[in-house]
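Each residue of the sequence shown is one higher than the one before, starting from 268 at the first, in my numbering.
Calculated from the structure, these hints are not laboratory results.
Please note: incorrect hints may appear among the correct ones.
Unchecked claim - Computed cross-link-like contacts, DSS-like style, restricted to lysine-lysine with a CA-CA straight-line distance of at most 30 Å:
id	residue 1	residue 2
1	K361	K351
2	K320	K361
3	K361	K313
4	K351	K313
5	K320	K351
What the hints assert, rightly or not - Computed Cβ-Cβ distance ranges for the label pairs, DEER-style:
id	residue 1	residue 2	range
6	G325	D346	24 to 32 Å
7	E321	F283	40 to 48 Å
8	D364	L287	28 to 36 Å
Glycine residues also receive a C-beta, built at the ideal position from the N, C-alpha and C atoms.
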Amino acid sequence: TTSSPRQAATTPVVQFLSDLEFISNIRSLFSAEMLLRSTTHYFSAKSILVDSKEEANGLMVVHSGEVRVELPLDSDEADQERFKNRSTTLLVLKRGDSFGDTSILGD
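Let's have the full structure, built from the sequences with the hints guiding it.
Rendered as structure tokens:
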């Protein structure tokens, strides 16, 4: 196999970084930092947590219960699904699932 000049140039850097002891702990350090900066919010059933028209303002992790991701209430798709007596739920998030990651990672 052949490698591009860019791959060849980055391989020693990647190897160097992976050999650094602290890199192996980066996930733990990141998780610890996230915990230190986190706050707990409680929501009652049927609460609207976020609106797709608004910019995400934080990472949210489901601790207990469920979070339903649904079509926007004022969308044509939601109107069509309701007309057909079908659910507007796109997915259901459960304990450990997260959303709002674009607020910390970018688009």
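Each hint, compared with the structure:
no., hint, result
1, K361 <-> K351, "holds, 27 Å"
2, K320 <-> K361, "holds, 23 Å"
3, K361 <-> K313, "holds, 15 Å"
4, K351 <-> K313, "holds, 22 Å"
5, K320 <-> K351, "holds, 25 Å"
6, G325 <-> D346: 24 to 32 Å, "holds, 30 Å"
7, E321 <-> F283: 40 to 48 Å, "holds, 42 Å"
8, D364 <-> L287: 28 to 36 Å, "holds, 32 Å"
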